[in-house]
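Top to bottom, those sequences are chains A and B.
Counting from 1, position 94 in the first sequence corresponds to residue 94 in my numbering; the numbering is continuous, with no gaps.
Counting from 1, position 39 in the second sequence corresponds to residue 39 in my numbering; the numbering is continuous, with no gaps.
Each hint should be verified, as a subset may be incorrect.
[What the hints assert, rightly or not] Partner residues aside, some chain A positions facing chain B, computed with beta carbon under 10 Å:
1) Trp-49
2) Thr-55
3) Ser-77
4) His-98
5) Ile-471
[To be verified] In silico EDC-like links for lysine to aspartate or glutamate, alpha-carbon gap of 20 Å or less:
6) Lys-53/B / Glu-416/A
7) Lys-225/A / Glu-428/A
8) Lys-26/A / Asp-131/B
9) Lys-124/A / Asp-31/B
10) Lys-127/A / Asp-44/B
11) Lys-59/B / Asp-44/A
12) Lys-58/B / Asp-57/A
13) Lys-201/B / Glu-444/B
14) Lys-28/A / Asp-131/B
15) Lys-62/B / Glu-416/A
16) Lys-62/A / Asp-342/B
17) Lys-36/A / Glu-101/B
18) Lys-148/A / Glu-50/B
19) Lys-423/B / Glu-436/B
20) Lys-127/B / Asp-342/A
21) Lys-440/A / Asp-402/A
22) Lys-36/A / Glu-76/B
23) Lys-124/A / Glu-444/B
24) Lys-127/A / Asp-57/A
25) Lys-59/A / Glu-190/B
26) Lys-434/A / Asp-402/A
27) Lys-135/A / Glu-50/B
28) Lys-62/A / Glu-50/B
29) Lys-62/B / Glu-173/A
30) Lys-62/B / Asp-342/A
31) Lys-148/A / Glu-103/B
32) Lys-434/B / Glu-444/B
33) Lys-127/A / Asp-249/B
34) Lys-36/A / Asp-31/B
35) Lys-127/B / Asp-31/A
Please keep in mind that the hints were generated in silico from the structure rather than gathered at the bench.
A quick note: this is a predicted structure, and the numbers were derived from the prediction, not measured.
From the three backbone atoms N, C-alpha and C, an ideal C-beta is built for every residue, glycine too.
Spelled out from the first residue to the last, the chains are:
2 protein chains.
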Amino acid sequence: MSKEKVGITVSKKDDFSEWYTQVVLKAKLADYAPVKGLIVLRPDGYSIWESLKNTFDKKFSKNGIRNGFLPVLIPESLLGKEQKHFAGFNPEVFWVTHSGENEVGDRLALRPTSETLAYTLYSKWIKSWRDLPLKINFWNTALRAEIKATKPFLRTSEFLWQEGHTVHATEKEAKDEVITILDIYKNTVEEELAIPVITGKKSEKEKFVGAVYTTTMESIMPDGKALQMGTSHFLGQNFSKPFEVKFADKDNVEHFAWQTSWGISWRLIGAMIMVHGDDKGLVLPPKVAPIQVVIVPIYNQDEDKKRVWEKTEEIKNQLESKSIRVHIDDRNELSPGYKFNDWEMKGIPLRIEIGPKDIQKQKIVLAKRYNKEKIDLDFKEIEKINSILNEIQTKMLEIARDQAKLNTFDISNYSEFKERIGKGGFVEAYWCGKQECEDKIKEETGADIRVISFENENKDGNCVYCNETSIEVPIFARGY
Amino acid sequence: MSKEKVGITVSKKDDFSEWYTQVVLKAKLADYAPVKGLIVLRPDGYSIWESLKNTFDKKFSKNGIRNGFLPVLIPESLLGKEQKHFAGFNPEVFWVTHSGENEVGDRLALRPTSETLAYTLYSKWIKSWRDLPLKINFWNTALRAEIKATKPFLRTSEFLWQEGHTVHATEKEAKDEVITILDIYKNTVEEELAIPVITGKKSEKEKFVGAVYTTTMESIMPDGKALQMGTSHFLGQNFSKPFEVKFADKDNVEHFAWQTSWGISWRLIGAMIMVHGDDKGLVLPPKVAPIQVVIVPIYNQDEDKKRVWEKTEEIKNQLESKSIRVHIDDRNELSPGYKFNDWEMKGIPLRIEIGPKDIQKQKIVLAKRYNKEKIDLDFKEIEKINSILNEIQTKMLEIARDQAKLNTFDISNYSEFKERIGKGGFVEAYWCGKQECEDKIKEETGADIRVISFENENKDGNCVYCNETSIEVPIFARGY
């Protein structure tokens, strides 16, 4: 194995796209499946998903949301019941036409999303106010045939996600749920993946087909492109009417219910790779790292082996007793240098080096992945490693916040706007609220309205495109 | 709501099939999806699956198995690479022929099982002995179009399962893995679901297509039909050769690897329903029950309400502090009697009744679901509830073992054999080992060889069919 082939061969700055793909493949997070546009997750990639899933499940559960299971096949007739919704997905749907040698009657769609299926069932399950709120989440995959170039985690024809579907007696309760979920999304992504996000509304043009409005969380990637990190939709009664999701209130009067749907996907893993990775490869936030600390024992002579190994095992046990995920690299045939590069490429947050000299000095060498800092740590201070991991997690979010700020621009002049969009980044600009301007901007610059931030209060200005009085300050960007 | 409609309307003994379906639907475990043969899991059903999943994940992890993700679409050409394997699944495969308006080239199969897909990837991932053993498990669904009448959990065209795929350097290691997994399956099913199983080998005829041999765990259901509860296959080099799953050993000599695959599905939930349920509905083993204890506060007059509620909350907190899953039934508009029936139908292991008189006497009434026993428990003894739940779990397994024993018969005479098979049950009988006899028995009685038990040592007898010298003592039965 030549070293060139093993490591990342391009820099993040020079060829972001190739760098990304190499990190995904060489850090063994994922691989391509035999069908174009599909990927496979290897254990190191899937364990990040499992970690996120566990965190979300705990938070969903606290909010009264329980999990369920829906099949992947939806009859064409059902999918078409909400017309706008169907039109949005139609070109991307995979169709099952045969089982064995037999034709199926009504063609079967592979789930592009499950609103139509879930609400058909909800209309059977909900009879009275007693059955509300109904809050079910589904961890599954969605299938949408991608025509554009696919990219692991970011654009694939099947992707892991969760889709939550809730039903409420009142409009207010449903609207509150939309925000509760968006908050759960935001704090999980920031706390677990150390990625800052901006939350707000989508424009009418960019909202989920079938929703009354869509709230979203967006991030700016180091290459200046925006990434949608999750959405939470207020569906109003758009689905409850065609699907007859009705309930009898306490006075036995029937009403159509109010609904929400929301989802995040493995895109979050793609974002994590892009935001934190560097020229040596992946950089994992400690909270989601399958291995948090890797120990590389170093010795040349057999006489040292026993001592080094004893100490290595001792440290491992100490760390495991603190619930730290530790791995010892026991590969005899590889050099320490090779091992260092290998674990750096895989993004393991902390590396411990321990050799005979370290044992003499009663210390270990600790190498932090995210900033490449090396420090000595006394044997007596091993228990500090927990707080060092926490500190790394915090610092990574700070650095990512600073990066995002540097990539965010406040612009009021259209020619500056065009120039900036060409270079990438989030661009905040006044907007009159008309889709005509939104369309023209997209046509002329390639930028969409990514999010109309909840935080941007100052709307008094002139539309960056038509110069009329503005009513919003959206964030524009070219997106993934 | 009339009481007749709400409860189970047939007895388990009189109409087992209808009883089963009513329990599934009325206990709100599952419902039918709009596509024939497909079901949906409601939260109470899915949480049983999640509980099993958590237990298996812990045990798999201890055994060095990690989880991954595979897409649902497999190209036809790949599926056909191992011919025998393909022939076995071909009639059941759902085929995707279009995405949007476009025809896909090579037809895409919806995963009937993932050997061919996984091993295509394994052949890329495995280079040397360092990469072995490779042990990955996938929690997903399998899709096999069912032509026969479908039944929730037991026979559906899409089902939740896990499929594990391991690769080893030696034959022995792979064979040992097959048994390790079968043991994990057996102890999980017995300890969590309180269902006794018999483990052993399948006959050549009944083995998994593509396996060298299949080990299985089987149970006898109360209606006398056998249910396959899980299988663990030794694949030998049957797949490693066509898929080129090879590794270089320490001397850099290349070898084909040795493989296993294994799976359990939501059938286990079906078995749990059948084995433990009764005329009142579901009976849940405490370990997998989403709610372990339901508290029904009882009061007629407003003056009692406060006292009863205070005590109810207090008991709830006491139990939750012991990690017991508790629910208070606070539905004012329903009578205690209605509530009792409702929770009995849902199979909640323990019900606590608490009213003003109980509070006076400083005690609660405890109703056990599995044997309908009612006992008084002093307020001071609340902490005993944990051990009562454990006792219920143990007793349920004992009862199920006794049931299974009553349904197991040792028979050497073929006319007795035929009669017994007609009535149902596990029938142990001597067998010469020839498929001819196995085929004839199937033809004449409808019984398959379910399992050749590991425990049956005494093979000296005469084949129940041809009277020649026996070499095995399989268990015959009609199956699901």
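Status of the hints after comparison with the structure:
1. A distance limit of 10 Å between C-beta atoms decides the matter here; for Trp-49/A the minimum to chain B is near 7 Å, and the interface restraint holds.
2. At about 15 Å, the closest approach between the beta carbon of Thr-55/A and any beta carbon in chain B exceeds 10 Å, and the interface hint on this residue is violated.
3. Because the closest C-beta pair between Ser-77/A and chain B is about 9 Å apart, less than 10 Å, the hint holds.
4. Checking His-98/A against chain B by beta carbon gives a least distance of about 4 Å; that is within 10 Å, so the hint holds.
5. Hint status for Ile-471/A relative to chain B: violated, with the closest Cβ pair at about 37 Å, above 10 Å.
6. As the CA atoms of Lys-53/B and Glu-416/A are separated by approximately 55 Å, the hinted pair breaks the 20 Å bound.
7. Between the alpha carbons of Lys-225/A and Glu-428/A the distance comes to roughly 14 Å, so the proposed pair stays at or under 20 Å and holds.
8. Proposed proximity of Lys-26/A and Asp-131/B is supported: the alpha carbons are some 15 Å apart, at most 20 Å.
9. A threshold of 20 Å between alpha carbons decides the hint, and for Lys-124/A with Asp-31/B the separation of about 10 Å falls inside it, so the pair holds.
10. With a C-alpha separation of about 18 Å, the suggested pair Lys-127/A and Asp-44/B falls inside the 20 Å cut-off, and the hint holds.
11. A threshold of 20 Å between alpha carbons decides the hint, and for Lys-59/B with Asp-44/A the separation of about 19 Å falls inside it, so the pair holds.
12. Distance restraint check for Lys-58/B and Asp-57/A: the Cα-Cα separation of roughly 17 Å lies within the 20 Å cut-off, and the hinted pair is therefore satisfied.
13. With a C-alpha separation of about 23 Å, the suggested pairing of Lys-201/B with Glu-444/B is violated against the 20 Å cut-off.
14. Restraint check for Lys-28/A and Asp-131/B: satisfied, since their Cα atoms lie roughly 12 Å apart, inside the 20 Å limit.
15. For a cut-off of 20 Å, the pair hint linking Lys-62/B to Glu-416/A is broken: about 58 Å separates their Cα positions.
16. For the given pair, Lys-62/A sits about 25 Å from Asp-342/B by alpha-carbon distance, which is inconsistent with the 20 Å threshold.
17. Our distance criterion of 20 Å between C-alpha atoms is met by Lys-36/A and Glu-101/B, whose separation comes to about 17 Å.
18. A C-alpha spacing of about 36 Å is found between Lys-148/A and Glu-50/B, which places the hinted pair above 20 Å, so the restraint is violated.
19. For the proposed pair Lys-423/B and Glu-436/B, the alpha carbon gap of about 24 Å is over 20 Å, so the pair is violated.
20. Only pairs whose Cα atoms come within 20 Å are accepted, and Lys-127/B paired with Asp-342/A is accepted, the gap being roughly 17 Å.
21. Of the pairs offered as hints, the one joining Lys-440/A and Asp-402/A is violated, with about 31 Å between alpha carbons and a cut-off of 20 Å exceeded.
22. A distance of roughly 14 Å separates the Cα atoms of Lys-36/A and Glu-76/B; the hinted pair therefore holds under the 20 Å criterion.
23. Straight-line distance between C-alpha atoms of Lys-124/A and Glu-444/B comes to about 45 Å, which puts the hinted pair past the 20 Å bound.
24. The hinted pair formed by Lys-127/A and Asp-57/A fails the criterion: a straight-line CA distance of about 27 Å is larger than 20 Å.
25. As the CA atoms of Lys-59/A and Glu-190/B are separated by approximately 32 Å, the hinted pair breaks the 20 Å bound.
26. For the hint pairing Lys-434/A with Asp-402/A, the CA-to-CA distance comes to about 32 Å; that exceeds 20 Å, so the pair is violated.
27. The straight-line distance between the Cα atoms of Lys-135/A and Glu-50/B is roughly 17 Å, inside the 20 Å bound, and the hint therefore holds.
28. The suggested pairing of Lys-62/A with Glu-50/B holds, with an alpha-carbon distance near 17 Å, which does not exceed 20 Å.
29. A threshold of 20 Å between alpha carbons decides the hint, and for Lys-62/B with Glu-173/A the separation of about 44 Å lies outside it, so the pair is violated.
30. Between Lys-62/B and Asp-342/A the alpha-carbon distance is near 25 Å, which puts this suggested pair outside the 20 Å criterion.
31. Pair hint Lys-148/A plus Glu-103/B holds up; C-alpha atoms about 17 Å apart against a cutoff of 20 Å.
32. A distance of roughly 16 Å separates the Cα atoms of Lys-434/B and Glu-444/B; the hinted pair therefore holds under the 20 Å criterion.
33. Distance check on the hinted pair: Lys-127/A and Asp-249/B sit about 65 Å apart at the alpha-carbon level, beyond 20 Å; violated.
34. Between the alpha carbons of Lys-36/A and Asp-31/B the distance comes to roughly 35 Å, so the proposed pair goes past 20 Å and is violated.
35. The suggested pairing of Lys-127/B with Asp-31/A holds, with an alpha-carbon distance near 16 Å, which does not exceed 20 Å.
Checked against the numbered hints listed earlier, the structure breaks hints 2, 5, 6, 13, 15, 16, 18, 19, 21, 23, 24, 25, 26, 29, 30, 33, 34; every other hint is satisfied.
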